[in-house]
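Peer 1: Here is how the chains run, residue by residue.
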Amino acid sequence: MPVSDPFREGIARGWKTLDGSRLDRDLTLETDVAIIGSGAGGATSAEILAAAGYRVLIIEEGPLKTSSDFRMQESQAYPSLYQEGIGRMSKDSAITILQGRAVGGTTLINWTSCFRTPEPTLQHWAREHGVRGLDAASLAPWFERIEQRLGIEPWRMPPNANNQVIQDGCEALGYQWAVIPRNVRGCWNLGYCGLGCPVNAKQSMLVTSLPAALEKDAELLYLARAERLLLDGERVSGIECLGMDERCVAPTGRRILVRARHYVLAGGGINSPAVLLRSAAPDPYRRTGRRTFLHLANFSAAQFDKTINPFYGAPQSIYSDHFQWQDGATGAMGYKLEVPPLQPAITATLLGGFGRDNALRMEQLPHTNVMLALLRDGFHPQSAEGRVELRADGTPTLDYRMTPYTWDGIRRAFHSMAQIQFAAGARTVLPLHVDGVHATSLAEARAQIDALDLALYRTRLGSAHVMGGCAMGEDPTQAVVDSLGRHHQLENLSVHDGSLFPTSIGANPQLSIYALTAKLASQLAERLRSS
Amino acid sequence: MHSFDPSRRSLLKLGLVGGAVLATLGGIATLGGDASEAPAPGYLALRAQDLPFLHALIPVILDQVLSAERLPTVLPQVLHDIDLGLASVSPALLAQIRELFDVTAGRLTRGPLTGVWQPWQETPPEQVAAFLVRWRDSSLALLRQGYAALLQMVLMAWYGNPDAWAHCGYPGPPTI
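Chains A and B, in that order, give the protein sequences.
Mapping to the working numbering: the first sequence position 308 is 308, numbers consecutive.
Mapping to the working numbering: the second sequence position 170 is 170, numbers consecutive.
Heads up, none of these hints are tricks.
Here are some chain A residues the structure puts well away from chain B; computed CB gaps all over 12 Å:
hint	residue
1	Leu29
2	Gly174
3	Lys216
4	Arg254
5	Asp321
6	Asp327
7	Thr428
8	Glu474
To be clear about the criterion: a stretch of chain B counts as covered by chain A if any three or more of its residues have a C-beta under 8 Å from a C-beta of chain A, and this derived list gives those stretches:
hint	segment
9	58–70
10	85–91
11	164–175
If you're looking for bench data, these hints aren't it; they were derived computationally from the structure.
Heads up, the beta-carbon is just placed ideally off N, CA and C, and yes, glycines get one too.
Assemble the whole structure, with the sequences as input and the hints as a guide.
Peer 2: This is how it looks when you write it as structure tokens:
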């Protein structure tokens, strides 16, 4: 059955798009609202502002790739759709950071899990970070609106066997588990969400808000890096953009100057603070790029007698929050348990080892389950946190510092995952650590985990959720923007993306970003009308 | 929030040591070899001086997966997949990887750091494996980091290739 490519059709119908890699001269573009970034925050804002009648220009650093480009091949998807060609890591290279970089941002390659911002998180922000007006009741209508917009509902098909492990294990142990709500319509249950949905079932920004904005005459400039904001006192007067080559590695030398009434920064964690840092934006309390969080993840592999085929089927459909709030928001570090999809290239690097070790582990792929723990960083004073810095060439890197408090969370998460995997019937469990070996009983796994040298590079660590760095809050000595996303020092600049969060979320962040930025963009549309 | 944190301090120290070592070694490596930055003919990012090391490394990382008969046909493919990956990463990361290659290729750095004193072309697989273990278990963060980077580079490239899938029981993506 042939699958249509609505984005290409839209371009053929006359959507205004401009490829920054193919400019034959420098350009100046004018608009009402310039939005840097086309992911969850940028596209949601673009749809709302375009619908409100404003001229909108969306600036995206990455390439334009649409469903007909998505071939479910890791070798093609990783270099083209991920930040730094999937080479993004923490500054010390100890943590791999998966973040999208293409039109649609991370929504193009995420695993479709959608959760409302947990109430304890919202309460913590109000109490500790001076965030005003974002309680569960005032956000509820925005969550409902997005859930309807993106077809978000608990996954109705049976989970794949990889996810079933969480359900079986938690059920046996009396632990909490639940079905994950997903942003899909007519999903084929293929399992390749991380490589770009080939059938446009995932309700990413590429098939929802971006087309809606472009239908309302918004313009899209892609393969263009927002290099710096031009500042004029307390106002932004323009954005200097650099055309990027088609692999999005290096600038071509072409420049695009963008002038607008209002500017929205929505490049996501790491990239949004980097634009501010490159621009030398006023930052009297040195808050820009601070408090960046990752939902740092560690992993536990298990082998089963039965077939798991963890590369097929909706990647995430079951989760457990059993260990998330056990000790309150600010106690010992909590974590959410989920599974990643296991296509072979990403799996080989997760399982680790070389030669015989890696070969034996990979040979068992069809019988392998991998579980991950998302650590809720940023709630406790001793939590690990990151700080965005600029490299010599002006590109950003994240200096994320581990702490004993965080390592303790990692160790407890290894225990929890092993326990659930054995309870689900695992034959062996392997903590993903350089010294990890297959344990054949829970007692053996526990002894092994207690003895693991939890050090950088020895413990496999990853992140798929970058949050914070332009924290919101009413106190300018603590936050970069206020609770409406307005920059504390620059009057016509807003931040609308995951960099707003003053801590991690404690759940996959996409729905939090959609709902919050829908609210902020609607309020911005009102303010622009009256100004 | 600002309380004293001993682990942070020691990490910081380690980081500084690692950084200093890398800077020095990178410099020495460059002194000791002919470091052209131009890609080798037919490649986008890999340089001629990177190839002997990778030729020695890849069969060891993929030992038990790649038979000796398949090696001559598969090796060029893996190299090209690694090359494409490196051509897509940020210039900053590519520079780091090249420093790593310089350390393994440099006449003055190779022996002391890898334990391999002869040219890579003449190094038997057991010695290459011993070098990997040495880096994996090194007390220098820089070398542990290098070990992780080399494994990731080779494993990602190989398992992204359909030729690798029979070994791991992956039937490939469905037809749509």
